[in-house]
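Asker: Sequence:
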Amino acid sequence: MNQNLLALIGKKVLVCDGAMGTLLQHHGLPAGACPETWNIEHPDIIRDIHTQYFQAGADIVETNSFGGNRYRLSFHGFGDKVTDYNYAAAQLACAVRPPGKFVAGSVGPTGEYLEPIGTASYDDFIEAFAVQISALQKGGVDLILIETMSDLQEIRAAVEAARKVAPQLPVVASMTFEKHAQGFRTMMGLSTSDLINNLPAAGAQVIGANCGLGMDQMIELIAEIRGQTDMPVLSQANAGLPVWKEGKHGYEETPEERAVAVRKLLDIGINIVGGCCGTTPDHIRKIREEVDRFNAG
59 MNQNLLALIG KKVLVCDGAM GTLLQHHGLP AGACPETWNI EHPDIIRDIH TQYFQAGADI
119 VETNSFGGNR YRLSFHGFGD KVTDYNYAAA QLACAVRPPG KFVAGSVGPT GEYLEPIGTA
179 SYDDFIEAFA VQISALQKGG VDLILIETMS DLQEIRAAVE AARKVAPQLP VVASMTFEKH
239 AQGFRTMMGL STSDLINNLP AAGAQVIGAN CGLGMDQMIE LIAEIRGQTD MPVLSQANAG
299 LPVWKEGKHG YEETPEERAV AVRKLLDIGI NIVGGCCGTT PDHIRKIREE VDRFNAG
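Per the numbering used here, the very first residue in the sequence shown carries number 59; after that it's consecutive.
For the record, the hints were derived by calculation from the structure and aren't laboratory data. Remember, predicted model here, so these are calculated numbers, not experimental data. It is possible that part of the hints are untrue.
Pairs of lysine-lysine residues, derived as DSSO-like cross-links and limited to a Cα-Cα distance of at most 30 angstroms, are as follows [unchecked claim]:
(1) 139 - 159
(2) 322 - 159
(3) 70 - 222
(4) 139 - 70
(5) 196 - 69
(6) 70 - 322
(7) 196 - 139
(8) 139 - 222
(9) 196 - 222
(10) 196 - 70
(11) 237 - 196
(12) 69 - 222
(13) 237 - 159
(14) 237 - 322
Using C-beta positions, here's what the derived DEER-type ranges look like [said to hold, decoys possible]:
(15) 62 - 106: 21 to 29 angstroms
(16) 99 - 286: 42 to 50 angstroms
(17) 211 - 153: 32 to 40 angstroms
(18) 258 - 169: 22 to 30 angstroms
(19) 327 - 98: 37 to 45 angstroms
(20) 314 - 221: 39 to 47 angstroms
(21) 222 - 65: 33 to 41 angstroms
(22) 255 - 222: 15 to 23 angstroms
(23) 259 - 91: 32 to 40 angstroms
(24) 259 - 354: 18 to 26 angstroms
(25) 86 - 287: 35 to 43 angstroms
(26) 83 - 247: 26 to 34 angstroms
(27) 175 - 69: 38 to 46 angstroms
(28) 246 - 153: 31 to 39 angstroms
Every residue, glycine too, gets a C-beta built ideally from N, C-alpha and C.
Starting from the given sequences, assemble the full structure and let the hints guide the process.
Answerer: This is the structure in structure tokens:
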């Protein structure tokens with residue numbers, strides 16, 4: 059199935075899912091709580107969210123394991139649960155995976171800094187990501203999706219860990235950009251050229267951008283990336299920029315607005331398109347409609 063995924067990317071545009079955290083919050087996950095605990099405590103809810111995305115037309119859904127590395131889990135007091143939470147995350151998504159569809163093991167940043175700014179070494183990062191990715195692989199995922207990264211050494215460590223413990227799985231590497239006066243940059247100052255010049259050489263087979271931006275800026279960013287490479291590119295934008303409303307942050311982009319913007323991404327040459335914060339199965343359903351029209355043409 060893994061090689062089938064890479065072959066499909068070369069033939070048609072694929073649809074990824076939308077936000078996990080947004081839907082968990084709708085189900086009652088408190089702000090600041092650890093989402094990965096729900097893989098054990100509320101498995102029916104996690105399976106239902108994956109099912110909603112598959113039914114909306116997603117070709118790929120991501121496991122509920124974004125913060126499943128030992129650094130992030132230790133912050134919540136669950137540093138000894140890395141294998142348990144990630145294995146369960148993979149099993150839950152794979153249990154509802156329809157034939158011909160795919161499950162991506164979601165791997166997010168550690169929240170730590172490398173020496174000398176922080177206390178972690180490069181080898182520490184590789185080891186932490188390797189434990190997480192190994193559990194996701196054993197749980198049955200079809201690919202590894204490393205996402206929302208801003209530091210080059212950290213994302214390279216994650217890619218290296220994936221190539222080490224799960225060499226047969228395709229690796230997608232996605233970073234988060236913001237637009238500044240000097241152009242698009244990650245929080246750590248990386249440009250799109252840094253992404254393109256380093257991650258394929260490290261072993262990533264798909265590169266991309268997620269989170270951070272609404273669709274208008276994401277379209278501009280993906281055009282910049284596509285102008286520098288012919289390799290497969292992923293895009294997962296937020297449902298607009300967050301707004302403060304009724305005492306909390308929210309996102310106001312409608313599924314219909316997402317559909318209009320996706321047409322522009324398709325014209326640019328996107329290969330995998332989905333959503334990030336604030337996007338729902340309704341957004342993915344509209345993306346699916348646009349992608350189907352594009353693939354048919």
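Asker: Using the beta carbons of residue 222 and residue 65, state whether their distance is inside 33 to 41 angstroms or not.
Answerer: violated (24 angstroms)
Asker: Starting from residue 139, check that the Cα of residue 222 is at most 30 angstroms away, please.
Answerer: Holds, at about 21 angstroms.
Asker: Between the alpha carbons of residue 139 and residue 159, is the straight-line distance 30 angstroms or under?
Answerer: holds (28 angstroms)
Asker: Is residue 70 within 30 angstroms of residue 322, Cα to Cα?
Answerer: holds (16 angstroms)
Asker: Given the proposed pairing of residue 196 with residue 222, does the C-alpha separation stay at or below 30 angstroms?
Answerer: This hinted pair holds, its Cα atoms lying about 14 angstroms apart.
Asker: Taking only the CA atoms, is the gap from residue 196 to residue 69 under or equal to 30 angstroms?
Answerer: Status holds; Cα separation ~29 angstroms.
Asker: Is residue 322 close enough to residue 159, meaning Cα to Cα at most 30 angstroms?
Answerer: holds (25 angstroms)
Asker: Can you tell me whether the CB distance of residue 255 to residue 222 sits inside 15 to 23 angstroms?
Answerer: Between residue 255 and residue 222, where Cβ atoms are some 22 angstroms apart, the hint holds.
Asker: Hint check: residue 237 vs residue 196, CA-CA at most 30 angstroms. Holds or violated?
Answerer: Answer violated: residue 237 to residue 196 is near 38 angstroms, above 30 angstroms.
Asker: That 26 to 34 angstroms hint for residue 83 and residue 247 (C-beta), does it hold up?
Answerer: Once the Cβ atoms are compared, 31 angstroms apart, the range 26 to 34 angstroms for residue 247 and residue 83 holds.
Asker: Just to be sure I understand the hint, the distance between the Cβ atoms of residue 175 and residue 69 should be within 38 to 46 angstroms; is that true here?
Answerer: Holds - the Cβ-Cβ distance for residue 175 and residue 69, about 43 angstroms, lies within 38 to 46 angstroms.
Asker: Does residue 196 pair with residue 70 here, judged by a C-alpha cut-off of 30 angstroms?
Answerer: Distance of about 28 angstroms is within 30 angstroms: holds.
Going through the hint list in order, the structure does not satisfy hints 4, 11, 13, 21 and 24.
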